[in-house]
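Peer 1: Next come the chains, spelled out residue by residue.
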Amino acid sequence: MLRICKTIIQIAILYGIYLIGNWIQHVLGLFIPGSVIGLIILFILLMTNVLNVAWIDKGAKFFVEHLTLFFIPATVGILNYFDVFSGKGFLLIIIVLISTVLVMSGSGFISQWIMRRKELKQHD
Amino acid sequence: MINILIGVAAIAGTLIIYLFSIKIHEKHNYTFTVPVIIATFVIVMVLVVFQIPYETYMLGGDWINHLLGPAVVALAYPLYQQRDVLKQLLFPVFCGTFIGAFVGVSTGILLAKWAGFDQLIIFSLAPKSVTTPVAMAITDAAGGATPLAAVFVMIAGIGGVLLSSTIMNYFKIDHYIGRGVGMGCASHAIGTATIMEESQLSGAVSTIAMVVSAVVVSIITPGLIVLWM
Numbered sequence: 001m002l003r004i005c006k007t008i009i010q011i012a013i014l015y016g017i018y019l020i021g022n023w024i025q026h027v028l029g030l031f032i033p034g035s036v037i038g039l040i041i042l043f044i045l046l047m048t049n050v051l052n053v054a055w056i057d058k059g060a061k062f063f064v065e066h067l068t069l070f071f072i073p074a075t076v077g078i079l080n081y082f083d084v085f086s087g088k089g090f091l092l093i094i095i096v097l098i099s100t101v102l103v104m105s106g107s108g109f110i111s112q113w114i115m116r117r118k119e120l121k122q123h124d
Numbered sequence: 001m002i003n004i005l006i007g008v009a010a011i012a013g014t015l016i017i018y019l020f021s022i023k024i025h026e027k028h029n030y031t032f033t034v035p036v037i038i039a040t041f042v043i044v045m046v047l048v049v050f051q052i053p054y055e056t057y058m059l060g061g062d063w064i065n066h067l068l069g070p071a072v073v074a075l076a077y078p079l080y081q082q083r084d085v086l087k088q089l090l091f092p093v094f095c096g097t098f099i100g101a102f103v104g105v106s107t108g109i110l111l112a113k114w115a116g117f118d119q120l121i122i123f124s125l126a127p128k129s130v131t132t133p134v135a136m137a138i139t140d141a142a143g144g145a146t147p148l149a150a151v152f153v154m155i156a157g158i159g160g161v162l163l164s165s166t167i168m169n170y171f172k173i174d175h176y177i178g179r180g181v182g183m184g185c186a187s188h189a190i191g192t193a194t195i196m197e198e199s200q201l202s203g204a205v206s207t208i209a210m211v212v213s214a215v216v217v218s219i220i221t222p223g224l225i226v227l228w229m
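Line order of the protein sequences matches chains Z and U.
Quick note: the first sequence uses my numbering, first residue 1, plus one each step.
Quick note: the second sequence uses my numbering, first residue 1, plus one each step.
No wet-lab data here; the hints were simulated from the structure.
None of the hints are false.
Derived contacts from chain Z toward chain U, CB cut-off under 10 Å, selection only:
#, residue
1, N22
2, L30
3, F43
Computed cross-link-like contacts, DSS-like style, restricted to lysine-lysine with a CA-CA straight-line distance of at most 25 Å:
#, chain 1, residue 1, chain 2, residue 2
4, Z, K61, U, K87
5, U, K172, Z, K118
6, U, K27, Z, K61
7, U, K23, Z, K61
8, Z, K6, Z, K61
We put the beta carbon where it would ideally sit given N, CA and C, even for glycine.
Please put together the full structure from these sequences, using the hints given.
Peer 2: This is how it looks when you write it as structure tokens:
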């Protein structure tokens, strides 16, 4: 019971940070989603030890473990967009796949290349 | 009063179907049986068969939807857990992730534009490389359709995982850092879960790449839309 209470309070803290993120987005007129601003704020608070990780870990674990649940209602909205994938819409799948191949190879290759150079320097 | 009842039924139904889809995924562990696909498919079928409009379902669905924001905030926690790996590999992971974010958004926009799709679709497709809740938020801010964004994210996630061994072999990406960054940048949570089975370290790198990529993509997408459109 105590654990459930703790988790609920921690969810409220995370919700509060989300609201702050939204507020910052609104005041500064940013295009970055308020939730992502909240993510950055929480990470800074944790790294600077302003916020003890024990204050949010149960709530955060709950969200991360069940992340899927929270976007299911939004994905169900696809039933209003079935026509997008008929006919020419098939091309969209190919476009996404081509782009995904480029992202995976590009990002993986660059980080590996930098890392190998770094490792070589350390061995010298 | 009736609206509240419908709402409660929609929430309860979503929860039950979600738990059921987890069970199925545990039993049949394939990339395309991830809970979001099964759950979405089942709920869509129920709504179509009983001719329930999406708006009616959302009387309850909206309540779950409200928690999407704090769920994104919570992604700072896995990033914090990997802070030691993050500090050690900061430069290579950041460079790779930044390139991946730029390539992903740019090629998405340009290819879709070149194929003659309209803005609604292009804005929904642009953030497809990042985890669903963030992609939805970016699409929402840009003026796209969030359910479409979710579908493109799923195609990128599942397609990336299915193509990953071919891609990694072809481009000789055999270092744990390259494999982790590639998976996290291109195929977000689905890719991270897959690479985690291969190596813990690649999984940690992939987690970092996934979260950092979500932040970078949400910052650069508005600019890239202006640049390429």
